[in-house]
Amino acid sequence: MRLSRGALAAAAVGLVLLAFALAPSLFSPHPPYRADPDALLAPPGGGHPFGTDQLGRDVLARVIHGAGTSLAMGFGATALALAAGLVLGLAAALGGAPVREALMRAMDVLLSCPGLLLALVAVALIGPGTTGATLAVAVAATPEYARLVCAQVRTVRTSGYVEAGTALGQSRPALVLRHVLPNALGPVLVLATLGVGTAILYGAALSFLGLGPNPPAAEWGAQLSDGRDFLESAWWVAFFPGLAITLTVVVVNVVGRDLRRRYLR
Amino acid sequence: MKRRPAPRRPGAARRVARRVAGMAAVLAGAGTLAFAALRLIPGDPAATLLGGAPATPETLARLNAELGLDRPLAVQYLAFLGRAVTGDLGWSFQHGAPVTTVLGQEIGPTVRLTLTACALAVAGAVAVALLTAGRRASRALAGAVELVASSTPTFWLGIVLLTLFSFHAEGIWLPALTLAIPVGAVLAQVLREGLEDALTQPFALTARARGLGEWRVRWAHALRHALVPALTILGWTAGHLLAGAVVVESVFARPGVGRVAVEAVLAKDLPVVVGAVLLASVVYVVVNTLVDLGHLLVDARLREA
Numbered sequence: 001m002r003l004s005r006g007a008l009a010a011a012a013v014g015l016v017l018l019a020f021a022l023a024p025s026l027f028s029p030h031p032p033y034r035a036d037p038d039a040l041l042a043p044p045g046g047g048h049p050f051g052t053d054q055l056g057r058d059v060l061a062r063v064i065h066g067a068g069t070s071l072a073m074g075f076g077a078t079a080l081a082l083a084a085g086l087v088l089g090l091a092a093a094l095g096g097a098p099v100r101e102a103l104m105r106a107m108d109v110l111l112s113c114p115g116l117l118l119a120l121v122a123v124a125l126i127g128p129g130t131t132g133a134t135l136a137v138a139v140a141a142t143p144e145y146a147r148l149v150c151a152q153v154r155t156v157r158t159s160g161y162v163e164a165g166t167a168l169g170q171s172r173p174a175l176v177l178r179h180v181l182p183n184a185l186g187p188v189l190v191l192a193t194l195g196v197g198t199a200i201l202y203g204a205a206l207s208f209l210g211l212g213p214n215p216p217a218a219e220w221g222a223q224l225s226d227g228r229d230f231l232e233s234a235w236w237v238a239f240f241p242g243l244a245i246t247l248t249v250v251v252v253n254v255v256g257r258d259l260r261r262r263y264l265r
Numbered sequence: 001m002k003r004r005p006a007p008r009r010p011g012a013a014r015r016v017a018r019r020v021a022g023m024a025a026v027l028a029g030a031g032t033l034a035f036a037a038l039r040l041i042p043g044d045p046a047a048t049l050l051g052g053a054p055a056t057p058e059t060l061a062r063l064n065a066e067l068g069l070d071r072p073l074a075v076q077y078l079a080f081l082g083r084a085v086t087g088d089l090g091w092s093f094q095h096g097a098p099v100t101t102v103l104g105q106e107i108g109p110t111v112r113l114t115l116t117a118c119a120l121a122v123a124g125a126v127a128v129a130l131l132t133a134g135r136r137a138s139r140a141l142a143g144a145v146e147l148v149a150s151s152t153p154t155f156w157l158g159i160v161l162l163t164l165f166s167f168h169a170e171g172i173w174l175p176a177l178t179l180a181i182p183v184g185a186v187l188a189q190v191l192r193e194g195l196e197d198a199l200t201q202p203f204a205l206t207a208r209a210r211g212l213g214e215w216r217v218r219w220a221h222a223l224r225h226a227l228v229p230a231l232t233i234l235g236w237t238a239g240h241l242l243a244g245a246v247v248v249e250s251v252f253a254r255p256g257v258g259r260v261a262v263e264a265v266l267a268k269d270l271p272v273v274v275g276a277v278l279l280a281s282v283v284y285v286v287v288n289t290l291v292d293l294g295h296l297l298v299d300a301r302l303r304e305a
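Listed in order, the protein sequences are those of chains L and R. Each residue of the first sequence is one higher than the one before, counting from 1 in this note's numbering. Each residue of the second sequence is one higher than the one before, counting from 1 in this note's numbering.
One thing to keep in mind: the hints can contain errors.
As a list, the in silico SDA-like pairs of lysine to any residue whose alpha-carbon atoms are at most 25 Å apart [claimed, not checked]:
(1) R/K268 / L/R147
(2) R/K268 / R/T100
(3) R/K268 / R/A79
(4) R/K268 / L/A122
(5) R/K268 / R/V126
(6) R/K268 / R/Q105
(7) R/K268 / L/G129
(8) R/K268 / R/P98
(9) R/K268 / R/D88
(10) R/K268 / L/R260
(11) R/K268 / L/T131
(12) R/K268 / L/I126
(13) R/K268 / L/G169
(14) R/K268 / L/A217
(15) R/K268 / L/G210
(16) R/K268 / R/L115
(17) R/K268 / L/T130
(18) R/K268 / R/P57
(19) R/K268 / L/N214
(20) R/K268 / R/A65
(21) R/K268 / R/F93
(22) R/K268 / L/G46
(23) R/K268 / R/L63
(24) R/K268 / L/G132
(25) R/K268 / R/T101
(26) R/K268 / R/A144
(27) R/K268 / R/A61
The calculated label-pair distances, taken between Cβ atoms and stated as ranges, are [said to hold, decoys possible]:
(28) R/T32 / L/A83: 21 to 27 Å
(29) R/R135 / L/V16: 32 to 38 Å
(30) L/V99 / R/R216: 51 to 57 Å
(31) R/A28 / L/G56: 51 to 57 Å
(32) L/T158 / R/P255: 50 to 56 Å
Keep in mind that the hints were calculated from the coordinates and are not lab data. Remember, predicted model here, so these are calculated numbers, not experimental data. Note that beta-carbon positions come from the ideal geometry of N, C-alpha and C, so glycine has one too.
Bound conformation, chain L alone (with noise of 0.2 Å):
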């Protein structure tokens, strides 16, 4: 896999937050919950280069605690709605015209609710908390995917390599495995790398709206929603959390375009 230099770059600070995901304490100055009383608020610079929040909790620490819950919200949200959408897409593309209509007009109408607005009634009906969150982010994400694997699979069964297998033979359970998945997941996945973007950005949303992990979790939109209180005398609450956000969707996106780039044009 080649890539170009800005997303040979993106993913060198991919792997970093990845870093901060799986091993906080590695890099973490402070641990995230211990709330310092002489020092609320404080600005950045000394012991606290991204200064602390109202409780002189240390948001850099709670920056990098955070990267762990954002981006498993946004991964676990993506990988949830991918195999959802690939079993419907699976049963809508090979159960026959009946049973394609049915899901794809499904899907139809939740792509008739914009995203966001789609997992704020999932979250409601799951109910709030990391794993509602995350879910509803899924259910939001899904029929996209489930439209594409339909697509795909159907772009692919007509192939000259699967008229082949079939002549010699196979099954189609084994058709299915070992032709018709495999070349058909390809853009779907290079579409996914960039629904991890949206699917963070999702997650921050409603965990800044209230509906995401509860407190004292370090979580970035939890944070950002914190900060929200004390702009006017502490901006560094809630503007390093959302450039944290800010910087992996970014490098989520520069890697999925680059990957779209060289494989679906």
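Fit chain R to the known structure of chain L by using the hints.
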């Protein structure tokens, strides 16, 4: 746009009719989904409606009968759809008022916000695309800015703008700008790609050969062609504006449908959530249908019968 090889293409009228029928079907589906969502609330619907207020089984039974919740599901479903069409979306226990009334009071500010943002996004995107298309340095710069702008969470952008402009949040401009920037960034990308594509076409060369200035070629000839892909994105834009309004209204503490919807989610006032989202879906679907039909106006190739 690729031409379809079909020998007989449906005329414009049939195309419109088919598209409108499709829209009606999707909206009926959305109504069904709304009904399902409302019935997915665990527990007795009447008890949910009372918002956890203590009630005897007799009271619950009477309320259930009064609301028709004891009738078969299919009857309830048809009644729900019938009421929804006439604008009756149920009762909000949080506000103690019909959902339609609750949303109706909030719709004005949201419409103003989204329309202002839409105008800002389109104007900004057209200007940026016209200025940067086909110019290496400026397009690279604009591309980088657009990438960051489209990756920025709306709520953070709002907070940054608020801090930069020292909390002059009274007017509509700051929230509208917040909503417009991520959407405008994506629009600008699509428009520029379309413009660059159009500028390499023979008609652009012809226009230049006729002695037209570069601006005239871009503004009067190429832009129209760049609008076709951008128009497709406009439906997506509407969705982003509607969803973004939810967040922006919360950031700027503005009244509006989005803020009421978020409050309703927090208060578990599901009828309001479903009503607000249904409203947004209707707008979204109608805009997408209009966009699709708008292609007929912009792209003459689709019009011929």
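Checked hints:
1. R/K268 / L/R147: 31 Å, violated
2. R/K268 / R/T100: Within the cut-off at roughly 17 Å; holds.
3. R/K268 / R/A79: The hint holds at about 23 Å.
4. R/K268 / L/A122: With Cα atoms ~12 Å apart, R/K268 and L/A122 stay inside 25 Å; holds.
5. R/K268 / R/V126: 42 Å, violated
6. R/K268 / R/Q105: 20 Å, holds
7. R/K268 / L/G129: 14 Å, holds
8. R/K268 / R/P98: 16 Å, holds
9. R/K268 / R/D88: 20 Å, holds
10. R/K268 / L/R260: Violated, because 40 Å separates the two Cα atoms, which is more than 25 Å.
11. R/K268 / L/T131: Given that 25 Å is the threshold and the Cα spacing comes to 17 Å, the pair holds.
12. R/K268 / L/I126: 11 Å, holds
13. R/K268 / L/G169: 56 Å, violated
14. R/K268 / L/A217: 22 Å, holds
15. R/K268 / L/G210: 13 Å, holds
16. R/K268 / R/L115: Not OK: R/K268 and R/L115 at ~29 Å, beyond 25 Å, violated.
17. R/K268 / L/T130: 17 Å, holds
18. R/K268 / R/P57: 22 Å, holds
19. R/K268 / L/N214: 17 Å, holds
20. R/K268 / R/A65: At roughly 23 Å apart (the allowed maximum being 25 Å), R/A65 and R/K268 satisfy the hint.
21. R/K268 / R/F93: Distance of about 10 Å is within 25 Å: holds.
22. R/K268 / L/G46: 44 Å, violated
23. R/K268 / R/L63: With a Cα-Cα distance of about 20 Å, the restraint between R/K268 and R/L63 holds, given a limit of 25 Å.
24. R/K268 / L/G132: 14 Å, holds
25. R/K268 / R/T101: 18 Å, holds
26. R/K268 / R/A144: Not satisfied, since the Cα-Cα distance of roughly 41 Å exceeds 25 Å.
27. R/K268 / R/A61: 22 Å, holds
28. R/T32 / L/A83: 21 to 27 Å: 25 Å, holds
29. R/R135 / L/V16: 32 to 38 Å: Taking Cβ atoms as reference, R/R135 and L/V16 lie about 34 Å apart, which means the hint holds.
30. L/V99 / R/R216: 51 to 57 Å: This hint holds: roughly 54 Å between Cβ atoms.
31. R/A28 / L/G56: 51 to 57 Å: 55 Å, holds
32. L/T158 / R/P255: 50 to 56 Å: 54 Å, holds
In summary, the structure is inconsistent with hints 1, 5, 10, 13, 16, 22, 26 from the numbered list given earlier, while agreeing with the others.
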